[in-house]
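A.B. asks: Taking the hints as your guide, dock the two standalone chains into a single complex.
If you read the protein sequences in the order shown, they are chains A and B.
Everything in the first sequence is counted per this note's numbering, starting at 1 for the first residue and increasing by one.
Everything in the second sequence is counted per this note's numbering, starting at 1 for the first residue and increasing by one.
Honestly, the hints are just simulated from the structure, not real lab data.
Possibly wrong hints are sitting among the right ones.
[Said to hold, decoys possible] Computed list of chain B residues with no C-beta within reach of chain A, every gap over 12 Å:
#1 Leu32
#2 Ile61
#3 Phe68
#4 Leu106
#5 Val124
#6 Leu164
#7 Ala167
[Claimed, not checked] Ranges between beta-carbon positions, derived for each pair:
#8 Arg38/B to Pro244/A: 53 to 61 Å
#9 Ile101/A to Glu147/B: 45 to 53 Å
#10 Ala41/B to Lys77/A: 33 to 41 Å
#11 Gly57/A to Arg38/B: 27 to 35 Å
#12 Ser56/B to Thr47/A: 14 to 22 Å
[Stated by the list, open to error] Every beta carbon over 10 Å from chain A, so not counted as near; a handful from chain B, in silico:
#13 Gln30
#14 Ile40
#15 Leu51
#16 Asp75
#17 Asn78
#18 Val84
#19 Arg86
#20 Asp93
#21 Phe118
#22 Ala146
#23 Asp169
Think of the CB as a built atom: it goes at the ideal place given N, C-alpha and C, for glycine as much as any other residue.
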Amino acid sequence: MKNAPELVCPAGTPAAMRTAVEAGADAVYCGFQNATNARNFPGLNFTPDEMEASVAGAHAAGTKVLLAVNTYPPAGKFDLWKDAVDLGARLGINAFIVADIGVADYIARTYPDIRLHLSVQAAASSPEAIRYYCREFGVKRVVLPRILTVPEIKQIKTEIPCEIETFIFGNHGLMVEGRCSLTNYVTGLSTNMDGVCSPAAEVQYLRDDDGSTTTKLAEFTIDCFSCTDTAGYPTICKGRYRAPHRDDSYYAFEEPISLNLSALLPDLIAAGVDAFKIEGRQRSRAYVRKVVAAFRTAVDDVMADRPPMLADLLALTEGHKQTEGAFKTKTWR
Amino acid sequence: MTQFAVRDTKAPSGFFANLPAPVLPLFLLQPLLRRVVRRIARENPGMFNRLGPHRSATYLIDPTNMPFRLLLRPDPENLMLRAVSRRSAPAFDAKIAGKFLDLLRLMDADEDGDALFFSRELEVTGNTEAVVCLRNALDDVDGSIAERVAGMFGAPGRASLSALRRAGDRAHEKSKDSL
Chain A
1 MKNAPELVCP AGTPAAMRTA VEAGADAVYC GFQNATNARN FPGLNFTPDE MEASVAGAHA
61 AGTKVLLAVN TYPPAGKFDL WKDAVDLGAR LGINAFIVAD IGVADYIART YPDIRLHLSV
121 QAAASSPEAI RYYCREFGVK RVVLPRILTV PEIKQIKTEI PCEIETFIFG NHGLMVEGRC
181 SLTNYVTGLS TNMDGVCSPA AEVQYLRDDD GSTTTKLAEF TIDCFSCTDT AGYPTICKGR
241 YRAPHRDDSY YAFEEPISLN LSALLPDLIA AGVDAFKIEG RQRSRAYVRK VVAAFRTAVD
301 DVMADRPPML ADLLALTEGH KQTEGAFKTK TWR
Chain B
1 MTQFAVRDTK APSGFFANLP APVLPLFLLQ PLLRRVVRRI ARENPGMFNR LGPHRSATYL
61 IDPTNMPFRL LLRPDPENLM LRAVSRRSAP AFDAKIAGKF LDLLRLMDAD EDGDALFFSR
121 ELEVTGNTEA VVCLRNALDD VDGSIAERVA GMFGAPGRAS LSALRRAGDR AHEKSKDSL
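One chain only, chain B, in its complex shape (with noise of 0.2 Å):
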């Protein structure tokens, strides 16, 4: 499989341009990352026959205006999901990168990636059939994988997500109105 390796470090812009650049330490999110991928590789282990050979792939997830970005490799026997910093240039498989919230509601099952992907707010290189076997995947996932994440962290967890579900709402609106 063709490696790729990052080449753009552009700064985040939009929703969390104004945000302080890493609340958190990157070293201390990983264990968190750690702990959410293997909650829900335990919770779906049907989701992994989707991916079919690309279960090995590593897939860079860009939410385009935050500080980091993610590392995945959705393999049971060797899981992987953890920050980088935008600094880096690791090697991956296939790169999806877009707004934080576009992302958020992909997970939420509340918004279409081909619909993102014809208006390019979602941005796809790299081994198109790997992404397209972990959209197929994610979307076969019952009920909202960032409900269950938020889940995890109690109260403020849930607090957090419906936060961030208004603002992703309102930042959906917005985008409706424009076009």
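Looking at chain A on its own, in the form it has when it is part of the complex (with noise of 0.2 Å):
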């Protein structure tokens, strides 16, 4: 018999829990408002009371709260990332979702008894580096980043000791994560260290006679769109380049698309994957109601034998695009 996956859902504020929770979350992953989590936006995450009120609802709904503290303390800063610890810990959150080494060794010795999960943010995607990570600090699972085919997911399960959690919808996500460093170069801030891709600071919209709209990061154009033209996040990963070779500008890294496993749903769960992730924490609640909604039913569909009903998602997807990334073919482009 399969084991039901676990649907792993984001909460950016706690009216977001609330609403991913509503929607039959299984489990959600959250993060305190400094740069302890990935997504450190302004007004985004929860103040420590937000927290509290926040893991009390979840658990009395039978929800499991997750808390990421999944970015790389610099020297002399880790405190912050302890507080955040000892913080999630008294709470009573039921896993802490952490990449760098000193804070997972600071959870394994402090609180042994809570689960680790292994944040994308640590790119591990071996067997060897997986199995690292499980015996030094006993991660229970390792979220895999999204690099990799479902049969390449299936050999990995049966190589190492821990769970496996995939991405099914959001952010595609192809960088080697938690070493990008290309937010950093042009704003002089860390995606890894300070939590936050494109500071909404440094970003700039602006529309010319025409209707287009020229995206900036700090002095760097990263993009122009025509009025017929969809958009993306502003990040340098998903801009237009001119480069020596190509007469026009073209998109050098990724392309604004979102990752959209629903029709591999079978296939994934077949592969033995554990949890299924769905991107998001700086969403708002109305896209998080409409996915984490579609993925309940589409997983308790596949659970018992039903085709799959696969609502629409693609209204919510980055540049109204969606693949099937790796996980389909690692030709996907």
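C.D. replies: What follows is the structure, encoded as structure tokens:
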């Protein structure tokens, strides 16, 4: 008999957490209002008081709370991460999501009874790397980078002693996560240490007279959308650039497109995936409600051997485009 | 904080284009808007924390198919929400522009702001961080702000909101069909 995978859903605010719980999340993931998590966006995330009330509310509904402390502490600033972990443990969170080995070590030694999940920010994609984290820190689950095919995931599952979580919707995320320094190069702030990719304070949208919109990050122009173009997030990896070998500007790294694995759910379950993650703590309650409800229905259908009902989520995707990315084939682009 | 001056004075278009321009003179609208913003602020004091330093920012909310725009300063100590004519050029820190019904769906937590941005139906200019803070502050308010505002005006208010929502749903379905 198949084990039902856990549906792990984003919660950027207390209201979003309540929405995810009501929409059928098995677990929610969230973070504090500081650099300890990889969505340290202005006005987002939880104060300690909000976290306490939200954890209690989620637990009352039978939903687990996973705390993201998945950034990398710079030298001399470890106390911020230690305080976040201590507070999370005191509030009764069900698991920590970590990337840094120092943070993992602190949790493993101080709170050995609380589960450790290895964040995608650790970019552990080989059985050897994953086994290291399991052996040294007792990691119970790995969130795999979005660069593996379903057969590769199935093979990895046979070679590691922990659960596997895969993204099923949201950011396509092909950079080697936890290592990307593009934002740092342009703004001086680090995605991996400050928890913010393309800080909003450095983003400017300039409307041109012809109705097109130019996107700038700090002093760099990263894209220009004509009136008829769809848009994406203002990240360097999704910008269009000119290069000597091209006549036109083009997506040199990634393009604005979202991952949507709804059609691959049966294959992923058959491959032994233990949990499905929906990306998007920065998104609204409307996004959370629609996406969580759609995947709740689809997962339940698959588990009941019914053909999955796949809601149309295209309107919520970046650039109004979706892909199964590397999960389907490594030549997706 | 850099302030911008309004340059565009384009005429409204779309759903409301055929409505007679302001049925209500703006000076009659101002006390209603003051009442609305004070009520929302009183009922949701926690939302201001998410605005951080941007609570003193001036936001220009531009329902592009309405005959007026709105100026908002979400500072609990110095609240302001007032309608301004399309002919005026108020200074602002950040501007959010979109069709009236899309903005209503955002307030209703029925539409995702990023999705509207991706489809170019929502336009943001000026201080992007101020816009992100306002979006997150409003999104953390449980229930529907639009519903609470409508409730302030009793049965006629609620009936008007229902009619607007139906119009919004029809417009939404139509735009999905055309994708």
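A.B. asks: State the violated hints by number, sorted upward, taking the hints as numbered earlier in the document.
C.D. replies: Per hint list: 4, 5, 15 and 21 violated.
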